[in-house]
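Throw the hints in and build the complete structure from the sequences for me.
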Amino acid sequence: MLFYSFFKSLVGKDVVVELKNDLSIHGTLHSVDQFLNIKLTDISVTDPDRYPHMLSVKNCFIRGSVVRYIQLPADECDTQLLQDTARKEASQNKKK
Amino acid sequence: MAEEAEQPTVATVEEPFDLVRLSLDEKIYVKMRNDRELRGRLHAYDQHLNMILGDAEETVTTVEIDDETYEEIYKSTKRTIPMLFVRGDGVILISPPMRANVG
Amino acid sequence: MSYLPGTASLINEIDKRLLIVLRDGRTLIGYLRTIDQFANLVLHQTIERIHVDKQYGDIPRGIFIIRGENVILLGEVDDEKFKNSGLEEAPIDEVLEKQRSLQLQKQKEIEEKRKALRERGLEPSHLESIQEDF
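Sequence lines, in order, name chains A, B and C.
Here the first sequence is numbered in the UniProt record's numbering, starting from 1 and rising by one per residue.
Here the second sequence is numbered in the UniProt record's numbering, starting from 1 and rising by one per residue.
Here the third sequence is numbered in the UniProt record's numbering, starting from 1 and rising by one per residue.
A hint or two may mislead.
Derived pair list, reagent style BS3-like, types lysine-lysine, alpha-carbon separation capped at 25 Å [what the hints assert, rightly or not]:
1) B:K75 with C:K106
2) B:K78 with C:K113
3) A:K20 with C:K113
4) B:K31 with A:K20
5) C:K54 with A:K20
6) A:K94 with B:K78
7) A:K58 with C:K16
8) C:K106 with A:K13
Simulated from the structure, these hints should not be mistaken for laboratory data.
Structure follows, in structure tokens:
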């Protein structure tokens, strides 16, 4: 749940989602679900010549499983909180 | 966050994920599928090995064959991303930071 | 839980005309009739849209049930963005012909590279394979 909660805290911020087929989509994070499927609004692609079909789409739903990376706004990320949460989840998982 | 009674900080490694936990806030090396490598500071991870890396440097290695000399040319392309979420299914291995006092 | 704000859900997209990009690179446009938790989809009155550079052509396809794992993304075609995109429709035969020659050329390049790498004892891992590495 760490990343689901984390991405929810980034709703409304600009991100770049890089897919496993090398397509990079820049957009505003609209929503996310527990599979880390993602909805972006007001998208643009960095390489429109290779992906002309994306030129006509403004908002999109991206299946979480096709994501390779997501570039995040660094100043919106509380790295201390992330680390603490990761430690907490690690110890919770051990107790199970 | 500090009110939580932390686990004893004895660095015992019982399972692979212990090593990942001990790498939090350290610079790690990640080998990815498709000839990609990452170096960056580990800020978060989960059981899928999804991760967040700070100041991540990505290296992509490609092989080209020179048309004339017929030799292979290895090209590596580097870029730096200030804050990067990495999806775990692309991860091959993680290497914790080098320590002076190993052993 | 699909109705909480900030939760990505396809519920709101049902009965809209959507553009779907599949893992094999194909682009479909159709009415999204139903979905499930895997993002399996049913598309109605589907067309397949072939893009070559700024030209495109459509092929009517009918009803599709798509297994979720093959879906890369879904998006609504935005009329205004579409108008400003510089995309123009062309006869489908022309577009297919162009696509075919481009694919042949690309295929040839990939084959040559693959052959050259094999002769050097290297196994080409992912030359333009969109498929297996997902």
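Task: Which numbered hints fail - done: 6 and 8
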